[in-house]
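If you read the sequences in order, they're chains A and B. For reference, each letter of the first sequence is one residue, going 1 to 111 in my numbering. For reference, each letter of the second sequence is one residue, going 112 to 223 in my numbering.
A hint or two may mislead.
Below, a list of computed lysine-lysine pairs in the DSSO-like style, where the Cα atoms sit at most 27 Å apart [to be verified]:
1. K167(B) <-> K57(A)
2. K71(A) <-> K210(B)
3. K210(B) <-> K167(B)
Residues of chain A clear of chain B, computed beta-carbon distances all greater than 12 Å [stated by the list, open to error]:
4. K9
5. R13
6. Q17
7. N28
8. Q37
9. V52
10. N53
11. E62
12. G63
13. E69
14. E72
15. T77
16. S80
Think of the hints as simulated: they come from the structure by calculation, not from any bench. For each residue, glycine too, the CB sits at the ideal point set by N, CA and C.
If you want the building blocks of each chain, they are given just below.
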Amino acid sequence: DGGITQSPKYLFRKEGQNVTLSCEQNLNHDAMYWYRQDPGQGLRLIYYSQIVNDFQKGDIAEGYSVSREKKESFPLTVTSAQKNPTAFYLCASRTQGGIQYFGAGTRLSVL
Amino acid sequence: DQQVKQNSPSLSVQEGRISILNCDYTNSMFDYFLWYKKYPAEGPTFLISISSIKDKNEDGRFTVFLNKSAKHLSLHIVPSQPGDSAVYFCAASGAGGFKTIFGAGTRLFVKA
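Could you put the whole structure together from the sequences, leaning on the hints where they help?
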């Protein structure tokens, strides 16, 4: 089945810890995205990548880092510098026509 | 600065009736608009889109209307079904742009 796979579904972070959220796609899309959703709010763009080995900051990139070493993979690291990491994180890839396909999300909580 | 606004946080509709979800945008450079549907604890799924060269696009029970002069679009669902109960996000992007701006979403309740 083609799609976006995010793992894990739930993740807990201790104080001062970096955690990495996985995102893999087999849709052969060039562009990939990371969004954050907080309760009652829309999707806010963290980082996006138009092509392998290239990525740009979104609107709320502080405290996050990404890499894009392979077309299929776009992992997001939530660093200890992100002071309010509790949220629902969504990864997406984009067709040439502009439609984004999303994964099922990772819910990150702080212990 | 919210470039895409969904001013109604929630909407309740009786099964079989029409649901109308509204969206306003401020950036006149947006030329492609999308609606996504999201169930709790899942990722959004694409529903329907419209290019700025059109003023209407229809797909089954779903129709999107675009009023460029008013910078307003709306999603009509007819007839509404209980399975349509979800959060609906309006989104917009510019010409060739890789960034898509999402609204805050409207939660639709369809009562049986």
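*Violated hints - listed by number, lowest first*: Per hint list: 1, 4, 8 violated.
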